[in-house]
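Trainee: Order-wise, the sequence lines are chains A and B. The numbers in the first sequence follow our numbering, run straight up by one, and end at 209. The numbers in the second sequence follow our numbering, run straight up by one, and end at 209.
Incorrect hints may have been included.
Said to hold, decoys possible - Straight-line alpha carbon distances no greater than 20 angstroms define the calculated SDA-like cross-link-like pairs of lysine to any residue that follow:
id	chain 1	residue 1	chain 2	residue 2
1	A	K114	B	P170
2	B	K47	A	P93
3	B	K114	A	K114
Said to hold, decoys possible - Simulated coverage check for chain A against chain B, where a stretch passes if three residues somewhere in it have a Cβ under 8 angstroms from a Cβ of chain B:
id	stretch
4	92-102
5	116-126
6	129-139
7	165-171
8	174-180
Stated by the list, open to error - Residues from chain A that face chain B, not an exhaustive set, calculated with beta carbons under 8 angstroms:
id	residue
9	K37
10	S39
11	P107
12	R113
13	G159
14	A160
15	T162
16	D189
For the record, the hints were derived by calculation from the structure and aren't laboratory data. On a predicted model such as this, the values are computed, not experimentally measured, just so you know. Glycine included, every Cβ here is placed at the ideal spot set by N, Cα and C.
Protein chains: 2
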Amino acid sequence: MTDAPTDILHATHRALCEHGYAELTMQDIADETDLSKASIHYHYDCKHDLLVAFLDHLYERFEERIDDPDGETPAERLCTLVDSLMARQSDAPAFQTALLEIKAQSPYDDAFRKRLQRFDDAFTDAVREVVSEGVADGTFREDVDPDVVASFLTTFVNGAQTRHVGVGHPLDESAEAVHGYIGDRLLSDSRANVAVGSSEGVDVGGASE
Amino acid sequence: MTDAPTDILHATHRALCEHGYAELTMQDIADETDLSKASIHYHYDCKHDLLVAFLDHLYERFEERIDDPDGETPAERLCTLVDSLMARQSDAPAFQTALLEIKAQSPYDDAFRKRLQRFDDAFTDAVREVVSEGVADGTFREDVDPDVVASFLTTFVNGAQTRHVGVGHPLDESAEAVHGYIGDRLLSDSRANVAVGSSEGVDVGGASE
C-alpha cells in the first residue's frame, strides 16, 4: 500500500518529536507505524543508520524550502529565508532538541558531520545568492559582501536555534533581531527607516536607488 | 593537602576534554585524580550532581572573565568580551562539544537549564553594559539599542560555538565577523572605516564625536 521506508522516516520524525534523540529506540519508531520492529530492522540495521537516512530525507525537504524563497525583493526573500529556520519553527521543541543533540554528536560521527555540512553549505549558498541579487539591484548597500553576510547569518541562525533549546529564548525574537540587522546593516536606504516586517513580509518600497 | 572538591572539579574539566559528556563516567574523573571512585562518590552522589557543581564552578570563572573586560574604549571592551567566548577558545574541542551536549540536555534537566540561563544572563548583561557606555560616550551610534545588541550578540556567540562543534566552522572567523558587525553597525564613525582589530585590540581612534 504505502512505501515502507517513507513511512518509517515520517515515523522517525514523530518519534523524535516525542522522545528526542538520545532516548529514542527502534521500538519507539515502530510504535509510530503499523510495522514491527523487525520490519524496521529489515530496512535499517540500527538507529544510527535510520537517523542518517532521516537526515537525508530532511535535507531534501530543506532544499525545497530554501529554494526560491517567497518575496518581491531580495530583502523580502532574505527575510523569508532566515524566517524559514526560525519564526516558522512550529516543530515540537523535542525535535529541535534532537537536532541539537545530533549537532553535539557530530565530532564523533562522520556520517552526521557530512549531513550537517550539507545543511550548512546549502543555507549559506542560499543566503549568499539572495544577498548578491540585492547588491546587484541596489536593494542592499554596495559595500555589502555576500560571503561575509551569508556566513554571519548562518552563524546567527545556529545561535537562535541553540539558544532556543538551551535557555528557551524565543525564536520570533531572534527573527525580529535579524530583520533589524537586515534593515539597518544591509538595506542601501537604511536612513529612510524602511519597515522590515516579519509575518506580512518586508516593505522595502523605494529602497532601490 | 589539597581541597578534594576543587581537585575533582579540575579533574572533571580534564575528563570532559578527553571524553565529552555523554560517555563520561565517574571512573574517568577518578582517573584524572589521586582519589578513588568511592571518594568522588563521597562528595557527589552521581555524575549529574558533579556536572551541576562543575557548571557552578565554571560560572564563577566565567563571571571573573567577563567582568571589566580589557580595552581603552567601549568598542575595544566589547571585542574583548565576545572574543573571550570565541577567539580564545583554545579548550579541547571535546570540551566545547560537552558544553553543547549539556545545552541539548537542558530541556530535560532543570538544574542544567538554570545554570545555562545564568551564563546567558551574565553575558547579555555584560554586553548591554559596555554597549550602553559606548552609546553614552559617543563611541557607538546614538540609535543603537543596548538591549537589542546584547541579545543579538549573545545569540551570535551561541551560533559560533554550535557551528564550530557541528561543522567545524573556525571560531576566529566568527570573531572576525562580529568585529565587522561592531565596526559597521555600532561605531558612530563607521564611515571613517576605523580598523576593528582582533588579537592586538581595537583601534577606534577618533571614533568618538
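Trainee: A separate judgement is required for each hint: does it hold in the structure or not?
Mentor: Each hint tested on the structure:
1. A:K114 with B:P170: 16 angstroms, holds
2. B:K47 with A:P93: Roughly 26 angstroms between the alpha carbons, so the hint for K47 (chain B) and P93 (chain A) is violated.
3. B:K114 with A:K114: Roughly 33 angstroms between the alpha carbons, so the hint for K114 (chain B) and K114 (chain A) is violated.
4. 92-102: holds (count 5)
5. 116-126: Since three or more residues must qualify, the claim that chain B covers the stretch 116-126 of chain A holds, with 3 doing so at under 8 angstroms.
6. 129-139: violated (count 0)
7. 165-171: holds (count 5)
8. 174-180: Three-residue rule met by the stretch 174-180 of chain A, so holds; n is 3.
9. K37: 24 angstroms, violated
10. S39: 29 angstroms, violated
11. P107: 5 angstroms, holds
12. R113: Constraint on R113 (chain A) satisfied, holds at 7 angstroms.
13. G159: 3 angstroms, holds
14. A160: This interface hint holds because 6 angstroms falls under the 8 angstroms limit.
15. T162: 4 angstroms, holds
16. D189: 15 angstroms, violated
The structure fails hints 2, 3, 6, 9, 10, 16 (numbered hints given earlier, in ascending order).
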